[in-house]
Amino acid sequence: MIKDLLHSAPSLLNFGIFFGLAVLLLFVVLGFVTYGILSERKIMGFMQMRVGPNQIGGKWGLLQTVADVLKLLIKEDTIPKKADKPLYILAPVIAFAPAFMVLATLPFTDAFQFADIGVGLLYYMAISGISTIGIVTAGWASNNKYSLIGGMRAAAQMISYEIPLVMSLVGIVLITGSLNLNDIVAAQEKVWFIFLQPVAFIVFFIASVAELNRVPFDLPEAESELVAGYHVEYSGFRWAFFMLSEYVYMFAMATLTTVLFLGGWNSIPFLDFIPAAIWFGLKFSAVFYILVWIRVTFPRIRADQLMEFGWKVLLPVALANIFLTALIKELLNLF
Amino acid sequence: MNVYLLSLLVFSPLLGIVMVALMPKKEERTIKQFGFFGTLPPLFLSFFLCSQYYSDVALSIFDIKLNWIRFGNLEMYDPKLFTVDFELGLDGLSLIFILLTTIISSLAAIASIYIKKEWKGYYLLFLILEMGMLGVFTAENLILFFIFFEMTLISAFFLIGRWGFLEREKASYSFLIYNGIGSAVLLVAILILFARTGTTNIAALTQMMTMGGVSLFAPISGSMKYGLCLAFLVAFAIKLPVFPFHSWMVRVHAEAPPSIVMIHAGVLLKIGAYGIIRFGMGIFPEQYKSLAFTIVLFGVLSFLYGAFLALVQTDFKLVLAYSSISHMGIVMMGLGALNEAGIQGAIFQVISHGLIAALLFFLVGVLYERTGTTMLPKLGGLAKSMPIFSGFMLACGMASLGLPGMSGFISEFMVFLGLFKSQPMLAAIGVIGLVLTAVYVLRAVMLMTFGKNDSLIEKEKWDIRGWEFFPALVLLSLIISVGVYPNLLGGPLQGTIEAMMLALGGR
Amino acid sequence: MGQLHIYQNNYLIVFVFLCLGILLPVIALFLGRLLRPYKPTDMKYTTYESGIDPFQDSRVQFNVRYYLFGLMFVIFDVETVFLYPWAVAYDELGLFALIEMLFFVVILMLGLIYAWKKKVLKWN
Amino acid sequence: MDWNTMLSYDWGAMMPEFIILGTTMILSILDLFWPKHFNRRKLAWLALTGIILACLSLISLLSFETVSILSDTFRLDSFAKAFKLLLLFGAALIILLAEGYEPKEGLREHRGEFYYLFLTALLGAMVMSSSGDLITLFVGLELLSLSSYILVGMRKHDRKSNEASMKYVINGGISTAITLFGMSYLYGVTGSVNLGEMSRTMAAMTDGQLQYIMGLAFFMVFVGVSFKIAAAPFHMWAPDVYEGAPTPVAAFLSVISKMAGFVIILRLFLSLFLTASGDTFGALDFLDKNNIYIASLAGLTIIIGNVVALRQQNLKRMFAYSSIAHAGYLLVAVATLGGGYFLLDTVWFYLMAYVLMNIGVFAVIQLLSSQSGSEDISILAGLGRKSPYLAMAFTVFILSLAGIPGTTGFIGKLNIFLGTFITEPGHFVLAGIMIAGTIVSYVYYFGLLVQVFFRPIHSEKVIKIRPGLYAVLIICVIGTILFGVAPNIAFDFIHDQFGDFTDFISSK
Amino acid sequence: MTGVPLSAYLVLALVLFCIGLYGALTKRNAVIVLISIELMLNAANINLVAFSKFGVTPSITGQVFSLFTITIAAAEAAVGLAILMSLYRNRKTVNVDEMEMMKN
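For the record, the sequence lines run as chains A, B, C, D and E.
1 is the number of the first residue of the first sequence in our numbering; add one for each residue after it.
1 is the number of the first residue of the second sequence in our numbering; add one for each residue after it.
1 is the number of the first residue of the third sequence in our numbering; add one for each residue after it.
1 is the number of the first residue of the fourth sequence in our numbering; add one for each residue after it.
1 is the number of the first residue of the fifth sequence in our numbering; add one for each residue after it.
A hint or two may mislead.
[As the list claims (entries may be wrong)] In silico lysine-lysine, DSBU-like type, Cα no more than 30 Å apart, as pairs:
hint, chain 1, residue 1, chain 2, residue 2
1, B, K32, B, K170
2, A, K81, A, K42
3, E, K27, D, K156
4, C, K122, D, K156
5, B, K116, B, K32
6, D, K156, C, K119
7, D, K461, D, K386
8, A, K59, A, K42
9, A, K81, E, K92
10, A, K329, A, K190
11, A, K81, C, K122
12, D, K156, B, K170
13, A, K82, E, K92
14, B, K170, B, K378
15, A, K59, A, K71
16, D, K386, C, K118
17, C, K39, A, K312
Hint data in this document are derived by calculation from the structure and do not stem from the laboratory.
Using the sequences and the hints given, assemble the complete structure.
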């Protein structure tokens with residue numbers, strides 16, 4: 001049915017159907033975020049040898065996050081007098097919309113994907129960059145020193161790490177010769193790129209953690225230094241949208257890592273009787289788990305270390321990786 | 001050897017330039033001497049050429065033609081197209097002008113003894129000026145002519161502006177701008193000719209313009225020919241200068257150092273007349289003929305205008321300046337007469353005025369050196385304090401007003417002879433000018449020599465002395481000899497004038 | 001025609017996501033307005049800073065570092081604009097393109113070294 | 001495009017560019033890593049060596065047949081050779097000028113950067129003159145522009161310099177955008193960016209609508225380029241930028257950058273619009289129909305440049321306006337197409353003359369202004385007495401700029417005039433404006449000479465001339481006079497080496 | 001997508017270009033001027049890409065050209081901002097109208 005739909009001329013009806021489907025995905029994502037947060041807290045609790053949320057919704061605190069969301073929803077909304085009102089209101093939207101948009105092209109399994117566009121990878125990179133603007137806007141609009149510094153730091157960090165992030169992927173593009181995410185997954189049928197491109201993977205993974213503003217790269221919202229970074233002045237649901245976009249990005253990034261380096265929904269040899277969706281879920285969960293693990297394990301690094309690491313280590317390594325890949329490919333062609 | 005004689009002549013001042021340039025700045029005496037010596041090679045060379053002429057050597061053997069510039073790359077059409085050669089040539093007319101140039105230059109170099117500062121720069125520019133003048137009179141093509149023409153312009157600009165009297169900068173500026181405009185008009189005319197015909201050789205151009213049916217690179221319409229002829233006339237009328245374009249010249253005569261005015265009045269202005277004869281009359285005889293009335297009209301106008309204004313001046317330099325305008329009016333009248341007598345008269349007038357003006361300004365230089373002024377009311381009674389000087393002044397004034405036996409008479413007589421034949425009405429009006437001339441010359445000279453003025457205390461050794469006699473005597477003797485034996489000039493001119501008359505339709 | 005429609009539909013989906021991404025915050029905030037209380041007091045609307053109003057505008061001059069990083073980002077991000085098409089088409093281009101790209105990247109690396117040496121990458 | 005294709009290219013054709021590029025990289029690395037106390041001035045000699053090497057390799061390429069490599073994006077035709085020769089020559093002079101640049105403040109810390117930014121700008125100009133398609137042309141143009149923006153702002157702590165470079169960036173940016181927009185239309189109507197291909201398409205174009213767009217593109221490109229060459233009414237930036245920029249940079253802008261502007265004009269106009277069809281019947285008269293606009297711009301430029309220069313008291317501003325006027329003269333040659341016979345050699349010769357005389361003038365200005373700390377006209381006062389040789393050199397340059405015979409400037413102008421008169425009907429109005437402009441220019445040019453020779457000495461300080469500047473002055477004086485007296489040396493050279501520039505359009 | 005004619009893109013580009021030009025010529029804040037210039041460059045990009053897809057003779061060159069343009073626009077912005085920064089440090093203003101140190 002979807003196939004027919006795709007082949008038909010675009011119309012309002014198509015729009016409606018897609019809209020419905022997208023809303024579906026939205027709820028999936030919201031569900032993920034709700035329970036992702038819970039699971040994160042639970043894992044952290046486990047690693048720090050404590051229990052974690054356990055009061056609401058039974059023994060595992062299943063309704064904890066739901067309650068949190070409801071609390072945020074009925075919280076009073078304040079906008080500081082000195083804030084730049086239009087920008088202040090706009091900022092969460094700018095931060096969130098791209099986070100959701102990037103989901104459009106991510107292939108979850110061979111069957112479950114929304115838009116299969118030729119330049120999927122580029123699309124992800126391009127759209128995700130927009131969020132930075134939302135964060136800077138928030139920092140600026142609040143008219144608060146902490147938030148401004150937080151916003152600027154966030155921007156600096158995100159743009160700095162975006163470059164190694166993007167460059168690390170060139171190796172993959174070199175090998176597959178395509179920017180289409182489906183093609184990239186297809187190219188990993190035999191060997192995952194994590195093995196073909198280990199350097200790229202490391203660079204990518206570090207950069208992605210930085211992009212997500214997570215520990216150890218969570219300087220923009222370093223509580224001890226900046227109160228809460230760019231969203232100091234935000235409360236209630238406006239604040240919730242920053243959080244939401246952060247977790248949606250986490251979802252997206254985990255998906256992307258899976259797709260790019262872990263072979264997506266491809267199975268391990270001999271285990272291909274397990275459905276693709278499960279493979280995907282497993283890998284996705286593993287990435288997610290590692291992300292949480294890192295958060296618990298590492299201390300936050302200093303701002304100067306952060307920037308210098310990005311520019312002086314990751315970028316050259318990423319560039320070197322590109323040429324290494326190209327060279328090896330050329331040599332393989334020759335012989 | 002013959003072939004290079006003309007180039008040698010034109011560039012011989014370079015010898016002096018090098019000599020002066022090598023001298024240290026402070027050596028006033030040596031620089032002055034070298035400056036003077038620098039004018040001698042051209043002088044002797046011109047004498048040699050002159051002697052060659054009188055020993056019946058055809059002047060055309062001195063012509064030189066070297067490949068120089070070729071514009072564009074049109075070899076496939078015609079190898080000579082858009083080439084400018086380095087070509088110098090000589091005929092009777094230019095020979096006379098060259099003689100005038102070399103003689104007056106040498107004398108002016110002597111008169112430059114009064115220059116008070118920066119002799120080195122002065123003599124360098126002076127010799128460059130001479131080189132330019134020599135080039136102007138020998139150039140056989142328009143571009144070369146223009147180059148030398150501008151050379152005189154620039155060097156004269158500096159000479160006036162640096163070594164002149166109080167208002168020198170203004171004078172040099174107006175000299176530059178007026179002559180700049182003149183030369184711009186000239187350049188446009190030259191370049192239109194060049195662009196349309198592909199050559200700038202005067203002879204070739206004359207041929208093309210006078211003969212019909214010569215295929216040109218691009219057409220020149222009849223009206224364009226008029227325009228070009230007019231452009232030449234205007235350009236040289238500014239140089240001459242003729243009445244509406246004269247104001248710069250007055251300032252220059254008033255402000256420039258006398259030795260430079262000697263050259264300026266003696267030679268530079270004459271380039272205008274030379275140009276009109278060579279280019280206006282020479283290249284466009286048809287058009288020139290139909291403009292003759294206008295030419296004479298302007299001639300008469302400046303003749304009268306100059307004379308009137310000369311009458312009321314209180315500064316002797318200004319009297320001379322306006323008298324120059326007036327005399328140049330006579331030249332125009334003669335040139336517009338379109339007959340042999342008129343043209344010959346005009347050329348005679350050019351030469352004679354050159355000599356007279358040079359002498360007068362030499363005397364002015366001497367006078368200013370002694371008294372520090374040229375204002376007529378302040379002078380007076382010079383006959384007592386400077387008798388010899390006054391004698392020269394008187395003789396010169398006589399020559400200027402056209403006393404028979406002096407060169408001025410011959411020229412004015414011939415001009416009016418010619419003019420009465422062709423334009424009797426204008427000639428009749430012009431005669432008034434003759435009277436005026438006599439009045440203003442006599443007034444000025446009398447005021448100076450016999451006027452009552454006691455402020456100038458009689459001093460010993462004020463009079464002309466020593467070397468100062470030399471230029472004065474040379475010039476005066478030339479004035480008289482031309483006046484007594486006009487054929488001195490008439491001979492060399494014969495050929496040129498005949499050719500002109502032929503082109504003009506021999507009336 | 002089919003290909004074109006797929007192409008168009010895919011971008012329609014992207015557009016749908018864009019709409020949804022904008023709509024969600026709008027709707028959520030609108031709903032929130034119905035639910036949340038509204039009891040303004042002056043204190044609530046002060047800027048967060050030790051309880052008193054800040055003395056001056058917070059938008060003071062930023063550290064110049066931020067700009068420098070911004071500029072660096074622009075340059076190197078654009079580098080990737082060239083790297084991507086090159087990588088995609090690398091199979092057809094071959095060794096020659098590799099050398100060309102090496103040339104390009106070396107020059108850019110020179111820029112990076114320059115910035116490094118000029119202490120642009122230092123965060124102080 | 002594999003290894004073999006790559007080897008099959010005649011890389012030698014790009015040798016000069018490679019040399020410049022290599023020198024640039026070496027210079028930048030040296031500047032980075034050599035210790036601070038090392039005097040960066042010595043780098044000038046390295047830069048000069050690079051330029052001379054490039055020049056030599058270009059000379060060895062002169063006899064090369066026309067080649068175009070990299071799928072016709074880079075052409076080494078006679079046009080490219082001729083103009084690159086000029087560019088390199090001018091650049092060498094300016095490097096020497098910069099070597100002797102000692103302003104009161106600034107350039108101490110950034111002297112090293114000056115040289116390699118300068119070389120990149122040069123590289124941009126060279127690439128432009130060899131470009132075979134719009135992209136190369138545009139990239140070259142921008143390489144030049146961007147480097148010169150920074151060069152203008154070289155004196156980082158000088159407010160004037162800051163302001164000048166900001167103005168230059170803004171104006172340059174706008175002009176770039178306009179040019180690019182025009183180019184995009186050109187691409188649109190032809191579907192190609194290769195100049196040769198475009199020219200064929202445009203000649204065969206009979207669709208009125210497309211021609212309309214082509215006209216639009218013509219105007220946009222022309223307006224954009226007018227900014228670059230500082231033609232009125234897009235000249236406003238020039239005086240401010242010249243005043244604020246370090247003197248060698250001002251010289252660079254007025255000579256090299258301007259030359260590059262004319263390179264684009266010639267490249268584009270000659271290879272595209274000259275043979276473009278102007279009506280629906282396919283008559284190839286597009287430029288004929290539209291050169292009235294170029295002509296009016298030329299006239300306006302001459303008038304504004306010369307008239308406004310009259311009331312300038314700052315030397316650099318004055319020469320900014322003077323260079324505007326000279327751009328106008330050159331535009332006359334472009335508007336009349338040199339009468340059909342003289343275009344390229346006219347422009348080439350004039351630019352060569354302009355290199356010699358203008359760099360010479362800027363050398364003198366730099367010498368005097370860095371010594372007195374002022375750029376007012378009065379610093380020239382009494383130069384004639386203080387150092388007569390310098391004054392004489394200055395006089396030669398000024399006379400040449402004014403177009404007095406015996407100097408290159410005269411021959412250059414003569415060439416332009418020939419082009420205006422040779423056509424039927426002649427461009428008399430344009431010639432009239434040009435000659436009037438020349439007369440007006442006498443007033444301010446000779447005003448400078450009045451200062452030099454007629455005024456009392458401004459300051460008694462002894463002028464020290466560094467050897468580099470000496471060389472510049474001597475070369476410029478000799479060149480200005482030599483090519484004024486014997487221009488045939490240059491004319492013969494271009495005719496022998498480059499013929500009629502016939503390989504301009506035809507590819508390969 | 002065939003429903004959208006070439007002229008629509010061209011008009012869009014032209015409108016953007018004009019907005020950019022207007023902004024560049026009238027705005028007083030140098031940052032906005034620089035942004036306006038970027039807008040103009042991007043308008044040209046739209047043209048190039050539109051022509052490359054729907055032009056008389058479609059070809060990929062237009063897109064290649066636009067890549068170069070993007071690069072150049074970036075470099076120009078970088079240079080422009082760098083210069084603006086050093087100006088701001090010395091003058092404490094980004095106002096174009098206040099840049100008037102040099103008047104004849």
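Numbers of the earlier hints that this structure fails to satisfy, in rising order: Checked against the structure, the hints that fail are numbers 2, 11, 12, 16, 17, while the rest are satisfied.
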